[in-house]
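Undergrad: Chain order of the listed sequences is A and B. The first sequence begins at 1 in the numbering used here and counts up one residue at a time. The second sequence begins at 1001 in the numbering used here and counts up one residue at a time.
In case anyone wonders, no lab produced these hints; they're calculated from the structure. Heads up, some of the hints might be wrong.
Derived EDC-like pairs: lysine to aspartate or glutamate, alpha-carbon spacing no greater than 20 Å straight-line [stated by the list, open to error]: (1) B:LYS1034 / A:GLU160; (2) B:LYS1109 / B:GLU1056; (3) B:LYS1123 / B:GLU1074; (4) A:LYS150 / B:ASP1040; (5) B:LYS1034 / A:ASP98; (6) B:LYS1123 / B:ASP1070; (7) B:LYS1034 / A:GLU159; (8) B:LYS1111 / B:ASP1040.
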Amino acid sequence: MVSVNARALLGIIKEKYETMDELKSLSALIVLFVGASVFASTFFAEQNLSLLTGQMSVVAMASIGEALVILTGSIDLSIGSVIGLSNVVAAILISQYDFSIPMAMLAVVTVGGFIGLLNGILVTKGKIPSFIVTLGALTAVRGAAYIITKGLNIPVYNEEYLALNELVARLPGIFWIYIAFLIGLSLIFKYSRLGLYTRAIGSNEIAVRNLGIDNDGVKNLVFTLSGICSAIAGFMLGVRLGAGYPHSGLGYELDVIAAVVVGGVSLAGGSGSLVGTLIGSMIMASILNLMVLMGIGGFVQYLVRGLVLMLAALAMRRMLVFVK
Amino acid sequence: MYRRKISIRITTATVIALSLCLLIVYAYSFFVVKPAARVDYTISQNTIFVKTDTGECYITFNVHNTGTVDFVIEAIVLDKDVIPLPVEGMGGSTKVEVGRVVALRIPLKEKYEVGTVVNLFLKTNPPLLEAQKFVVAPTPVAAVG
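Just chain B, with the same shape it has in the complex (with noise of 0.2 Å):
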């Protein structure tokens, strides 16, 4: 009977201290933490089209925001190239809230040669933590008549 007491009072004592560093930890994040934001999207259909009358280039995508909070694109990134947004001529907003999906179209004042691929990335606001910077999609150059 003694020892089934005691042996009783460890197994328990071990439970409850458990029990109450995982209420504390509830607490903590049910009261204090909020989850961190975290900006993350994808891209897709982007294609760079070249007007074979006028050598005319443009860029057409769409930025899906898979993230926690609402982005702003503040540039787009094409290789070396970088386009601080909004241009004059361009379609579509900047502003992409969560879930949701924004078409662009954008004017390029740089020429590209058709048939060759050109990497895409986008400056945000909220920026890409620093290990998704490699996320970059390849835009294929195409001619339009």
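Here chain A stands alone, though its shape is the one from the complex (with noise of 0.2 Å):
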């Protein structure tokens, strides 16, 4: 009776745990946290913990659109870009046309949602790999940033603009603006049909546009999401550096894409949720952050992360061959 029960208990957490993508990655994020509180005692610390998540808030931005892309079955590889772009814009708007904080961002979101409007329209209409459309948006975005500000930093000393990384409820302003974000989007995509044509299209493409969906109106909104997303975290990286550097950004495709996967989105699309880049991005952040507690050079941090990554991806592969 006991051996029925527990079968049944360990069918029902392995249907949960089959579903919930989250779940893997949270146990991910646990084992990770064990681990950084016997190698790094400073790990746990207010100051470490509000650095961390101030750290991995634009990333995660970024995730939340690279992991709706990504949903699809499409990549997005133009996000570092468009966040050095945002950075640079956004710097130049309230140092040398003292424009307000609200409308920098507004400015920087239309920039973004256009550069990502423009990467979907490639994708639907002019049926380009999305690979190679936002391979070419990485550079030309990238160049388009160190036109404007000739290759040169622009400082921005803007109380309001650096007040926004100041410690609310103990963590940084930024991270607030990524949770708001978060929230809001997980809801539209949780419970609209906009979330469910969003994973049907990364499903089976074929039987969605039979039903009579517009996958390419999905698409081009999802892309332009992304670009939304990226811009925001472009615009929350000038907020941490306290300038416009056109060369910020570089090499953030591969953290965010990293951080999706490690959160639960399957690459091939269809399958994943929003709040698991939380946890993706914790994790990669969380990675970094503990070894350089651990004193880690930063040549090697790079071998570290790679194969950490590859690790991580594998254990949460055997975790689930083992419940099942």
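Dock chain one against chain two, each of which comes alone in its own frame, and use the hints as you go.
TA: This is how it looks when you write it as structure tokens:
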């Protein structure tokens, strides 16, 4: 009797575990936190946690948009460059044109949105693979950032802008901006048809098209949202740096994709959640933070991050097999 | 037909929303925002001359206003020596208009050794941004007969 109940319970756990992508990532995060408490006693110090959440906010913000694109079975490689362009556009508008903070944010959102929309239209109407389109955008947008700044850094002394990085409830202000966007977009994509269509397109695009759902429109919207999320991430990066750097966000696309995949979103599309990207971003940021605390050098960090990413993916797969 | 109609709707709605944002930003930049005052200048032909017969020192230099606003030179800083302007016997104007070049000749009370190099920095009103304060002009000290 006990055995039957145990089997039933195991069956329920297995079913829940298989359906909840966040849970798999959460397991990895808990393992990482346990490891962190052993190897670096200062990891859970208040100051370190506020630094960690500030660091992860930028990647996590961009991860929301990337997750949506990946859910549809496409990919957006232009994220790092959009972050860089938004960073310098915000810095120029605030420091040289005296824009208010909300208007500067609206301006970068518009810039990011148009870049994303252009990517989307080239993918849907131009029938070009998203990998190629966004790879082109990666270079072109970075070039635009260098052109408008002439390759120079733009310091920002606006107190309101820099105040967004101040601690609110012991965590940086930009982290709360990210959380607000995460909650809003998660609710939209969980309870609206848009979320359903996004996943459905990633699972079986032809079947969805035959149902009369607007594939191209949804994809265009998703690419636009990716551009907007990257633009806000660039704005947040500027708040952290206190300046606009044309080379900022270089290589972020890989960090973002890693965070999305570790967060449980399938690269093949169709499965995953936006909340998972929060966990994925936290895992990636924690790995980096932990290595700094352990005194591991910058060059080794690249190697270790890649290896840990592969191990984490493997471990998650092993755990799934174990539960099965 | 139905699919096509909806397809236009989502993409068009996205374009309209972004265009509205663009319109708001443009209107804001056009009607509300004025470019912030930016002080910037270049210093050229800067030399400290020491008269060999009298030991009298004076500095000459040109200032080119490359910023977006007129400024007044309130003082010159030669390494640690701050010389408020104007001083007696000075030649040239301390007010530099946008795009103009002003030549200055300022007598110095301190003595400078021929062959050395002194860093020249200007204190202006409005001042330079904090990040630009590394802009100093290394000024050679030369003897004149």
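Undergrad: Against this structure, judge whether each hint is valid.
TA: Taking the hints in turn, this is what the structure says about them:
no.: 1; hint: B:LYS1034 / A:GLU160; verdict: 18 Å, holds
no.: 2; hint: B:LYS1109 / B:GLU1056; verdict: 8 Å, holds
no.: 3; hint: B:LYS1123 / B:GLU1074; verdict: 6 Å, holds
no.: 4; hint: A:LYS150 / B:ASP1040; verdict: 17 Å, holds
no.: 5; hint: B:LYS1034 / A:ASP98; verdict: 7 Å, holds
no.: 6; hint: B:LYS1123 / B:ASP1070; verdict: 14 Å, holds
no.: 7; hint: B:LYS1034 / A:GLU159; verdict: 19 Å, holds
no.: 8; hint: B:LYS1111 / B:ASP1040; verdict: 30 Å, violated
Checked against the numbered hints given earlier, the structure breaks only hint 8 and satisfies all the rest.
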